[in-house]
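Chains A and H are the protein sequences, given in the same order.
Counting in full-length UniProt numbering, the first sequence runs from 1 upward without gaps.
Counting in full-length UniProt numbering, the second sequence runs from 1 upward without gaps.
It should be emphasised that the hints constitute simulated quantities derived from the structure, not laboratory data.
Among the hints, a few may not be true.
Identical copies look the same in the list; a pair holds intra-copy or inter-copy alike.
[To be verified] Subject to a maximum C-alpha distance of 20 Å in a straight line, what follows is the list of computed SDA-like cross-link-like pairs (lysine to any residue):
{"no.": "1", "residue 1": "Lys629", "residue 2": "His604"}
{"no.": "2", "residue 1": "Lys613", "residue 2": "Gly737"}
{"no.": "3", "residue 1": "Lys260", "residue 2": "Asp34"}
{"no.": "4", "residue 1": "Lys696", "residue 2": "Ser477"}
{"no.": "5", "residue 1": "Lys488", "residue 2": "Val452"}
{"no.": "6", "residue 1": "Lys230", "residue 2": "Phe206"}
{"no.": "7", "residue 1": "Lys691", "residue 2": "Val452"}
There are 2 protein chains.
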Amino acid sequence: MIIFSELLQQTPSVSAISHSRIGVERESQRVTLDGKLAGTDHPIVFGSRRFHPYIKTDFAETQLEIVTPVVDTVNDLFHWLAALHDVVYQSLPTNEMLWPLSMPPALPSCEDQISLAKLPDFKDVLYRRYLAKTYGRRKQMISGLHFNFELPAVLVEALYRQQCEIKDLACFKTTLYLKIARNYLHYRWVITYLFGASPVAERNYFKHHEEKPQKIVRSIRNSEFGYRNKENVQVSFESLKIYLSDIESQIRKGNLLEEKEFYSSVRLRESQNIVRCKQTKIDYLELRNIDINPFERYGISKNQIVFMELFMLFMLWTDEKKNGDDWIATGNQTNNEVALESPLAPTCYRTNGLKIINLMKKMTKQLNLNGYEEVLQQSQDMLIDVTKTIGGRMTKGLMATKQSDLATAIGLKNRRVTMQVPYQLNGFVNMELSTQILMFDAIQKGIMVDMVDENDQLLKLQLGHQIEYVKNGNMTSRDSYIVPLIMKNKTATKRILVTAGFNVPIGVEFVNADTALAAYSRFVGEPIVIKPQSANYGRGVSVFQFSPSLADYQQAIRRAFTECSTVLVENFFAGPEYRFLVINDKIKAVLLRIPANVIGDGHHTVKQLVAIKNKSTLRGLNDRTPLTKISLGVVEQAMLKSQSLTVDSIPVVGKRTYLRKNSNISSGGDSIDVTDQIDFTYKEKAVAAVKCLGAKICGIDLIIPDRLVPVSSHESYSIIEANYNPMMDMHCYPYKGKKRRVTVDVLEFLFPQLTNL
Amino acid sequence: MIIFSELLQQTPSVSAISHSRIGVERESQRVTLDGKLAGTDHPIVFGSRRFHPYIKTDFAETQLEIVTPVVDTVNDLFHWLAALHDVVYQSLPTNEMLWPLSMPPALPSCEDQISLAKLPDFKDVLYRRYLAKTYGRRKQMISGLHFNFELPAVLVEALYRQQCEIKDLACFKTTLYLKIARNYLHYRWVITYLFGASPVAERNYFKHHEEKPQKIVRSIRNSEFGYRNKENVQVSFESLKIYLSDIESQIRKGNLLEEKEFYSSVRLRESQNIVRCKQTKIDYLELRNIDINPFERYGISKNQIVFMELFMLFMLWTDEKKNGDDWIATGNQTNNEVALESPLAPTCYRTNGLKIINLMKKMTKQLNLNGYEEVLQQSQDMLIDVTKTIGGRMTKGLMATKQSDLATAIGLKNRRVTMQVPYQLNGFVNMELSTQILMFDAIQKGIMVDMVDENDQLLKLQLGHQIEYVKNGNMTSRDSYIVPLIMKNKTATKRILVTAGFNVPIGVEFVNADTALAAYSRFVGEPIVIKPQSANYGRGVSVFQFSPSLADYQQAIRRAFTECSTVLVENFFAGPEYRFLVINDKIKAVLLRIPANVIGDGHHTVKQLVAIKNKSTLRGLNDRTPLTKISLGVVEQAMLKSQSLTVDSIPVVGKRTYLRKNSNISSGGDSIDVTDQIDFTYKEKAVAAVKCLGAKICGIDLIIPDRLVPVSSHESYSIIEANYNPMMDMHCYPYKGKKRRVTVDVLEFLFPQLTNL
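Okay, chain A solo, but in the shape it has when bound (with noise of 0.2 Å):
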């Protein structure tokens, strides 16, 4: 027999615990804002639930499902959980929220009326319809919170190199998950205990004359009024090929439909890519018995986490008792007793409890873990003191509210925080917004997303067995490496676009500061325009409308330098610019962009009515919001001296103060989606460009004068510049017009299938 404490002790990879590979299932009812179960189907901007691998029905048609990847952090799960929970509330009907609670809200009286979930697949369907039949509606629409626990495949390794009695790594881990769980069975009325919450039941969740707890309960989820098999369903955990072999029995004798169907609060799990009726090892555990907390946004806390990773090593470590099922079987008695207690009494097991919290730490201390002291003193506390139990915060709470107001009053709370920054995708907002809005679309239409490097804005995407991976939102294989390597030489894109017969500025190239310095003469007189030949973002630009002061031009081109060891001297073409967003040869928004501006009120100074304009929350810094908070530095100050003005100076009402003479967004400018709002032929002009450069996705900018009269010669248009990594999000957030979601057609041009299923 392999005694695993010891093999513990012996591993230094012990640490690794912290590394887990773990994921969440999430179930929730959708209702309406007042808590009343949802009429509406499924949404179906979620695409197909044939593959969805994050947002599923349940076994209603209003019980969604939110399944994580399989991380290996707890700061990881989080954002994962962050990020779905902010894709299911953004995409819910506007008068939709989740229940977050285990116990379903108010049921129809007539529980035909609680609807199957419409699964695409008849299979799914009927399987459904044998479970209303064998435990009734009712008892399905309970939700639960399902944690996949894997140990991390170095400390398993390490673990089994330890010893020499068993031969094969895949035997090993199958004994080691098996001691894990039978331990578990055993213990998990600590869990219960600890985070049970589902103390009553709404109306018509039990039928009239149905056995039901007459009292306020712990966990009538994890109790025998729960969601459970028959008696006469016992399958035993001594050894993989028994478990197998009864419930293959049961499926037999007709006790069950399939093994899914046996709802033990441990699931015994095989990497997916192996056919599932071949099972022959265990590599990772579903448990299954976790209350919805109702007082985290996400059902579930950091800190439950944590002491789940470790009450998982524990069980792992503290010896069993010889015959299994016994030991099991006596678990199932302590937890339905636990389940049943008060939530405001202490548990009869109050002493065991303490003794296995003690025990824990001891091992912590032995194995030399850190970073568990506050989990363990938490549990501690609750167990000494019952109020502090997730049940017992719960009941506490029912005293003076009821339950359905106390749930439909989070469910409210949980909306509005996840929502409050609604182009934001909570638990990746350290990402440049076009991949965090890319990313909201991706996991909303079901295509997997991996995170392949964070800094890098890299994100691998796949649906079905096609992998694309995109950067910065917008850079995808769709396009040839070439066409980045030409556009970032402006020099080169102009003499392309020209040679094609498109009107660009015609310009003057220096590669030495002082021969462009002493070219002063050459532009005098001219309205010109000074910008490094590689550069984005409008850095090192300047623009003269009026022939530039030998100093202006002198500074203009030092500063262009700074930027490029490449300068380009262009002729300036007056008017408004704009961005067309061009993707696989179709326009998909056209914004018109004014450089950073404050319109006077007759009161406020330019630098007060800058400071409520930056008060937006789609202004901000670093291409984390879809506008740029206006500076007042250098530029913006020279700008106003130009126009005799300063930051004090208080402009009429409706007078337009420009703080800048170049429009990006990045700069503090303003964004105005004029799609549909501008001559086609403009829209022909920049496909063709775009075309002639060869790119497929593409920000190509124009000058133009007029855009409501169409294109006649080359004083129509100018076309300024190509961009190779076009910013998404200020299409997608405009200050003024036409939302377009860019992002989305990024990924219908990556996997056209999207907008066949």
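Keeping the supplied structure of chain A fixed, place chain H upon it in accordance with the hints.
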């Protein structure tokens, strides 16, 4: 009547004359190294003659024609002349070269042995048969240099705007070029005097009974004994209309087969995108009367071109006589006289000539043109001292040596000088070597090459209607944009390869130097590599085959952080490093790379051995040579120290002393082609890994302990890096082993039709 001298004086753009659009066509006979007409066909390495824009055959199979693209500076013209000559010399059979004279070498006694050009289009063959019959094959063996000349558009348009007589720009240009043409035909004797260089015919050029010059002359080619139309072919230059109708009438009468048979010293040309037969305007002139200058490697000097540009301007400037055709007729007569004068006697038009030069000087003063002093002075000198003319210099040479020996010696010298550094492409030696080699191959195969940006190594290639842009000789439209973005990120690359089951070094990523420095204990006792996440050429990489000391570790971490903000510490996999070059899923080359080293001879010190090794022309700096000079810097000296050596140690015979740990060519490593000496399973791995990353042109680096033992496990190899911008030249010119022309593979990948031409 327009007074062009006045218009010229009124326009400031006249200095643009030095940016005239110019091109050269240079014909040459292919001869053996002892100066005999080549017996071979036009080399098949030049691909198809159906479309080759640069290297053609003229009348005879041996008569090679080099055609430059149209450029707008003399320097660019000579870059192209250099490159084209380079390609021709390197492509000729090893016992052939170019004959440096206009007059052909000794011809076969039987004229039928002169092989007509074996052109693929039968129409072209028929035309040559007609010429052979009409003029005789011998006459057609003469070679010349055609100079295409177009005034810069900015100048022509400025002149056009200065007048109001002609209302149409095309008409104006026609008028302008007709004036230049008539004056040129009148004054071309000056060119014959200065540049005439065909004094003597070799054996069998003239038939026995044929009329021929009885003495040495200035230019047989430009005289009545040269290559010209029958007397009855008279074409007026009074207007374009009359010119065209005259030619048409000559064709009708059977005196000409088609327009191109009209051998005028000036041909009126229209831009090629307009169908020839519809000629309605003149866009440029083709001057056909310049003899090959035997003293110049490319058949003409820069000063000759500069003089020609100024002379053309003078032709526009100076008045002409009323009756244009009489004016031309006088010119023809004078030219014939000058051509038939003794090349060592002053011309009888000397006074006139000096007057013309003086008028040209005056013109430059009146137009404020600089930079022509030297060529005007030279021409004046040549008029004063006939021995300074090209014909004079040549004839002086003929006093001591036979013309054929002189020409052979010159030919040999030109060949030797051109082929001095075989891997370079003359004219473009400032570009990266990979680009030079790719350009060479493109030119050789007849792909049109356009320099989009020289500093950026950005080329435009065109074959038929297909356009491809290429950067650094290897970045093309064939790779998708996301691939280099992934490969730039070493962590992302590794994640993708690991997921697909490839063996890569296990590693830890640090984004913070302090964390990395503090992590030393994690790596104690392990062989490790420390490297920046994104960096090239092995910069900032430290290899510790044995565990580093704390100080070494810290220094290496700091060094890596200077290159990139993310640093990887990876386990070190020992063994030699191989670069696999994969193009379109096929292995094109495998290179063993050995770190910089010297092999002892028992006499020389390390320092001396390095100096000797560095003498190889293959070694240089800055990617302009296939190998890099070995340095003796800090890294190398530390490496010596670790072996208890200094730069002054004398290694024993045959002992290899390493100076670096990293094997990059750019730090002095040796490259050894082993494409045919490696087990195919490694090639399969490399191709599979590149496919997995989605790359089409990729250099992937594997460490392989024993390349002859097939892949059997993860210990057989480790993939350490994938490069989206792999050097090409090191495969083309390895230190040892077979040369692999991988640049041709790139071209064939871009233009698959090349292999079927």
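Exercise. Is it within a copy, between copies, both, or neither that the alpha carbon of Lys691 lies no farther than 20 Å from that of Val452?
Worked result: between (30 Å within a copy, 18 Å between copies)
Exercise. For the identical chains here, do Lys488 and Val452 meet the 20 Å Cα criterion within one copy, between copies, both, or neither?
Worked result: Between copies only: 13 Å across chains, 25 Å inside a chain, cut-off 20 Å.
For this session: Please work out whether the CA atoms of Lys260 and Asp34 approach to 20 Å or closer within one copy, between two copies, in both situations, or in neither?
Result: For Lys260 and Asp34, neither the intra-copy (34 Å) nor the inter-copy (91 Å) Cα distance is at most 20 Å.
Exercise. When no copy is specified for Lys629 and His604, does a C-alpha distance of 20 Å or less occur within a copy, between copies, both, or neither?
Worked result: within (18 Å within a copy, 68 Å between copies)
For this session: Go through the copies and call it for Lys696 and Ser477: within, between, both or neither, with a Cα cutoff of 20 Å.
Result: both (10 Å within a copy, 12 Å between copies)
Exercise. Is it within, between, both, or neither for Lys613 and Gly737, if the alpha carbons may be no more than 20 Å apart?
Worked result: within (17 Å within a copy, 69 Å between copies)
Exercise. Is it within, between, both or neither when you check Lys230 against Phe206 at 20 Å Cα-Cα?
Worked result: within (17 Å within a copy, 117 Å between copies)
Against the hints set out earlier in the document, a violation occurs for number 3 only.
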